[in-house]
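Work out the full structure, taking the sequences as your base and the hints as a guide.
Chain by chain, the residues run as shown.
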Amino acid sequence: MSQLSTQSDLVAPFLEIKNAQIIYDNAIEAVRDVSLSVAEGTVVALLGSNGAGKSTLLKAVTGTLHLEDGDLEKGSIHFAGRDLARSKTDAIVRDGLVLVPEGRKLFANMTVEENLTMGAHLKSASELRRLKQTVFELFPKLKERRSQTAGYLSGGEQQMVAVGRALMAEPRLLVLDEPSLGLAPLIIDAIYETIALMRRELNMTVFLVEQNATQAMNLADYVYIMENGRIVLDGPAEKMRTNLDVQEYYLGFSSGGEERKSFRDIKHYKRRKRWLS
Amino acid sequence: AEQGITDTEILLGDVAPFTGPPGLLGIAHNVGVKLAIAEVNAAGGIAGRQVKLVSEDDGYVTSRTIQSIRKLIGVDKVFALTAMSGTGQAMASMPIVKQAGIPAMVPIGQLPAMYEPPINNVFVVGQTYTEGMRQLALYLAKTHPGAKWGVILQDDDYGKALADGLEQAQADAEINIVFETKYARGQKDFASEMLRVKAANVDVLIAGGIISENIGIVKEAEKLSITPTIAAFWPGRVPEVLKAIGPASDGLIGVDYVTPIQSEAGQAFVELAKNYLSEEEVPRINRYTMTGYASTKVLLTAIKACETDLTWACTIEKMQSNPPVETGVMAPVRFGEDNRFSNSPVTIMRADFETLSYSPVKD
Amino acid sequence: MRSGYFKETVAEHINLTDSTLQRIWILIGLIFVVALPFYFGLYGISLITLMAISAIGAMGLNILTGWTGQISLGQTAFMVLGAYAYAISVESWGWPPIIGFALAGIVPAFASVLVGVPSLRLKGLYLAITTLASAFIVNQLVLEFDGLTNGASGIFVNRPTIFGYAFDTDAKLFYLVAFIGLLTVLACLNLRRSRIGRAFIAIRDNDNAARVMGIDLRAYKLYAFMASSFIVGISGALYGIFLSFVTIDGFPLLLAIEALAILIVGGMGSIAGAILGAIFLVGLPEITSAIFGMFGETAKQFLSTGAHEIKGLLYGLVIILFLRLQPHGLMGLWQDAKRAWTLWPLRY
Amino acid sequence: MTYLLELLSSGLAIGAVYGLIAMSFAIIYKSTGLLNFSQGEMSMIIAYVAWSISTGTDGNPFIVAIGSIGFAILFALAVERIAIRPMMGEPILSQIMVTIGLSVIFRALVTLLWDGLPHNMELAAGNALVDFGGIQVRVAQIAVVVMLFVAIAGMWTFFRYSRFGLAMRAVASDDGTAQLMGVKTGRVQMAAWAASAVMSGTAGVLFAIAFELSPSLYGLGLKAFPATILGGLDSVIGSAFGGLIIGVAENLVGGYISSSLKEIAGFVIIILILMIRPYGLFGEKRIERL
Amino acid sequence: MTALLRLKDVTRKFGGINAVNGVSLSIEKGEIVSVIGPNGAGKTTLFNLISGFLPVTTGSISVEGRDLAQVPAHKYVQLGIGRTFQNLALFKHGTVVDNILVGRHWQMKTSVIEAALHFGRSRREEIAARERVEEIIEFLEIEHVRDKVVGTLSYGQQKRVELGRALATNPKVLLLDEIVAGMNQEETEDIARFILDIREELGVAILLIEHDMHLVMDISDRVHALNFGRTITEGQPEDVRSHPGVIEAYLGSGGAEQQAGPDHAKATEAAL
Ligand SMILES: Nc1ncnc2c1ncn2[C@@H]1O[C@H](COP(=O)(O)OP(=O)(O)OP(=O)(O)O)[C@@H](O)[C@H]1O
Ligand SMILES: Nc1ncnc2c1ncn2[C@@H]1O[C@H](COP(=O)(O)OP(=O)(O)OP(=O)(O)O)[C@@H](O)[C@H]1O
Ligand SMILES: [Mg+2]
Ligand SMILES: [Mg+2]
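As they're listed, the protein sequences go chains A, B, C, D and E.
Number 164 in my numbering belongs to position 167 of the first sequence; there are no gaps in the numbering.
Count along the second sequence from 1, add 998, and you get the number used in my numbering.
Count along the third sequence from 1, add 18, and you get the number used in my numbering.
Count along the fourth sequence from 1, add 472, and you get the number used in my numbering.
Count along the fifth sequence from 1, add 178, and you get the number used in my numbering.
The hints are simulated quantities; they were obtained by calculation from the structure and are not laboratory data.
DSS-like cross-link-like pairs, simulated, lysine-lysine; straight-line CA separation at most 25 Å:
1. E:K191 - A:K140
2. C:K356 - E:K326
3. A:K71 - C:K356
4. E:K350 - E:K186
5. E:K253 - C:K141
6. A:K71 - A:K85
7. E:K270 - C:K141
8. B:K1075 - B:K1316
9. B:K1075 - C:K190
10. A:K102 - A:K85
11. C:K141 - D:K757
12. D:K757 - E:K191
13. A:K120 - A:K140
14. B:K1096 - B:K1316
15. A:K102 - D:K656
16. B:K1272 - B:K1241
17. A:K102 - D:K757
18. B:K1096 - C:K190
19. A:K138 - E:K191
20. A:K85 - D:K656
21. A:K15 - A:K71
22. E:K350 - E:K287
23. E:K270 - D:K757
24. E:K270 - C:K356
25. B:K1272 - B:K1050
26. B:K1146 - B:K1196
27. E:K326 - A:K102
28. E:K191 - E:K253
29. E:K270 - A:K102
30. A:K102 - C:K141
31. B:K1096 - B:K1050
32. A:K140 - D:K757
33. B:K1316 - B:K1302
34. A:K102 - A:K120
35. A:K120 - D:K656
36. B:K1140 - B:K1360
Shown next as structure tokens:
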């Protein structure tokens, strides 16, 4: 996969977004003219600063934009041949596209176990048992807390439930909005480990929005960078890792150097991104 | 000319509830008003003018009554009003009507405050609840000497008027009230009240509800298998109530100043109505049709007496100076120089479930 | 086309108006209000008076429900209290109307504390019940204390004379109501841009965070109840004067629901929304009548059998359709229009 | 003693009516987070339809039962589909307003399609009196108590054992996220509306038989709403008990104190209980965490 | 010597769980102390106790020697405790300015009636507060969203607004709960700069919960590690980083990572 120079070389991308333009409240343009594709079996990461429009794009993919008065004005989104712009969320999920939403969105009044059960809503009872087993092994902490009300969990525990809940659906395409948010380093490692494993074993495709660029780039085959509603840079992960801008602004290396710079030495000036000029 | 008058038309207005449960009252009333008008129009109108009616629905909500009256007077510019909805609504409308000076009839929900002191342009046709209740109580006291009485009243001015009547009757007769209670309007379940009635061994029960409440009270008595003499007041004296109660309604005592439909005069009225009303309207006839008819007829008689010189002043003058007006459904109606209340006599009557009607009791 | 105005001092940020143009518009609006009675007849004036009274009541409710997020179904309780406070003090005791108005605000404000205290721990729709209960309880109290309130018979209320000026015609009464309405708008606007108003909003949006920010939840919830009831009480007194008669019958529970409807249709939490909503909902029966009137004579013939039901039907339908097309209410519509206007010819 | 028993029995009978309607409030709330203010009106319309069917078929109870349940379901589905579904995801108060609009429409419809008169609904032996050791009760009153317990049992089993019940809770908690789990939220809403219409319709019909059928029947909704709150808005079973408590309390207050306090008694009890349990007797506490 | 903030043997139970268990900690003026620990270790609960959102089960918290036990929750802020929240707790429907102004709430005195009149003291206070807020907005570089409703801002922007709101309360000690979560490198740098500036310019002490180890190690004066509500260790960043308990429970770096990784992988593999 990673030999490919661009994603579009693929014959039939699994997920394909073409020239998407997304508008909130009929007035706020959050995504403009974004094209992006994810090939089956690959891991694609989407990076970008706050407010770039990443989450917005994911909402469009799962058909939940309208809940916030958002609208896919132009462009198209296809997943495994299905036109997502015209599909209902539940149908999209049935097709195997599952999202771990930003902000976890747990069912706060339900227990951990009930939340996981909801994740496997489309699965049979026996599959449910098996999947629960899997998730509990991945996150032993959740097993301890299985009958605790989800709303009272710590932030990180909630994130585990959110990721676990999505895995319960055994997705073909797993879409994650900042899965590592608020997690301890150990758990982040474990989550990435699992994603890598699932992709290997189940040929699961992963589309990932992340702020933790180092981890994401290690895992991903292909990386897109989004700023101000546009894709400003994309390329295979190895190539991106050597891009100087990416190194400075996403990986935290001091400009040109190989050393990570210390947060203590941040200069007091406004940076400008080269790719924006 | 005065407002509401053209060369060819005289415009009258009324406000009544046409929606919701009180619609039972308003719709029937309107049918009566229309009947009176149709009768006059069929006879060639008044001095060549046809009479027309504008109706406003207030849904029994006071603020809407007031709005409607303002609209009738200010926008539709009617010549006179034939009704101002129920008791509270009419009371609240008094200041506007008084200020406007428009001739207005009060055929529903009569209270002394509406004619004492008399308001020049407001004419109250019928009888007050208080006096009706007094008569009813006196009758029951006479026929049930030594009885234990139970009284269930609504917690509003209607209930208060009945309580006053009862109190007045107590001055003239031996009335031993052993149980008395008030309920909040709209109550449907009278189980606890009736249990107390039962516990108090009541012989005579005043059911002071309007429609649904009386149905509830009588049905509950049936359930508890107690058989006091139950007396109900005229607002609910309509066949539908008897039908809704079922056989237990047989023997219910009522009181009214209009004649029962089953009486000769009542039948004559129905026959008359059939000549003028549509097929849909005839089944809606009840006592409110009679009161609406009677008061409108009185008004139209006065208007007629003015002939071409039709003004408010003239109409009011004729209202007070006309000889008693024969309406066929109640005692002749007359007013006087400073009398704005017809003070119509009442009859006591008894319900018959089979014919769903009331007939006057023979003493 | 309007564009952003430059502000040079912080004080300018706080001012209610930020340009001459805006002030001119406000002036035009005021002149329009003053001119209204000249265009309307008896009925029209009473309609706009009713709109203004409803708007005042809705603005009061807005403080509690729109800003502080405390849903109330029992605003009629405070209207009743306000109306009786006015009627008793002015008509029964002969006090000057200006004091009557003050009492019409103060009495409900203090009474609302009694409703507020058991409501302190309640949230969302649970709160609806204490307020609903207060409506029933107040009615019962009015009946119980009939020595003071005249029980079910009610009290007649005359048009007030304030500082020797008699508001005795319908048009004059409208000016009085409009003036009080204007004061209410100003008070609400000021409140909204003060620490108090922000505390209300904070409680609505996230009461726990509000507490950590130093807002005393109990105190502020009670303030909201009081401020709201004060205004609602005054609207009750005005309503009593408008009806010339104060009874509990004049204040059916329906009014409370209607007040909530005004806020929702207008746009929750917005003062302009409360006003627009009042105009819309009070005027709606007129609109439906007008629609019905278009069908002419045959429709009128239908009158005694079904017209009124059909009007009710239309009323409900209009509300539903409106919310379906514009779930954020009239203010949402207004904002869309404004945005379209400033952005024109672009869409965003 | 009999006096007390009689008070209790009539309290239970009316309380069961409140309880059934309260349950229908709760089930819609629980599965969609929406309070349906037209619940009383819906139960009234269903009662009227049942009455029409019964007068049209000489009161065959089976035909009436099947016909009115069928109608209740279709009616609820239509309402849900036409008026409620399009509002999904909109502010909750706007949704509630829509149900208030519906209630205005339904009230008008009843007088338009039928009339404003009270009727005596005679259906089979519904009106007949049964003697329980000196306490007389109408058959319809027994039926409504029985129906309440059937409904309680049904709902308990449903929420205890069915994953669909879980999905309902999920939709109420956050319908957008529930969709992300593959839940057909529309279907969940439909089921809730249908169940609620059947329950409140049953209450309406049986009430009409035992008392009267009139366009003021919708007032039952206003009685049942406090019962729902008392039981806990999101507790379907709790609200059933809320209804019973209010029914019995009303009768006890009416029987021992004064009937003018009846109306208020229910509210006073509710307020007292809410001061101790702000989420009703059985309601779920809202999660508060920072 | 009284510390600015001192926790002594603080414990908080939820049902059977000891979320915070006998934690002692103190912080001086101008210090930056980080609290680290695995998910569910009790860090946020600790903040909830310090900021008055939850009462302690046992133990005591004092600010400048004053015990907080008797102080009502909404007055904690007046003693100089400001905080941000892990899961964002903004006033969603208010604008950025409104939100930050709420932070000034306790420092203003306007009563309801004065507020309705907007005259005299009320107006003066309002202007003064607004001036301070504009400074904060400028400092945090969020001028461009000043008048936006915060609910429509992106996650990272909202976090900045929260920081602004906490600053507006004039804190002596600022509790920051995972303030850079969800931020990219560049934005994290900005926040790091803000934190250092706040300390430098205002002398505010900062208590920081963070999972971003780079940030923690770079800017903290001391680090306090928790697990299961208990203190594992406290000390200089480098020392804590190499503490075996911390590595095992939390960091899993180096060898730990290799151990945990395949272990998990195997377990998952088996289950699949
Ligand atoms: N519901 C909404 N209504 C209006 N505007 C919105 C809404 N949601 C997001 N936006 C705007 O759209 C833009 C993109 O937001 P989005 O949440 O997609 O950013 P993001 O890339 O996910 O950022 P972050 O990394 O902070 O999560 C932002 O400017 C935001 O203000
Ligand atoms: N209000 C509460 N009720 C019940 N349990 C709670 C409550 N608050 C916290 N807990 C429990 O206490 C433990 C500590 O939670 P806390 O939020 O303090 O963790 P944390 O260290 O902040 O974790 P994270 O890094 O994931 O945010 C968790 O297991 C959580 O489930
Ligand atoms: Mg995002
Ligand atoms: Mg935490």
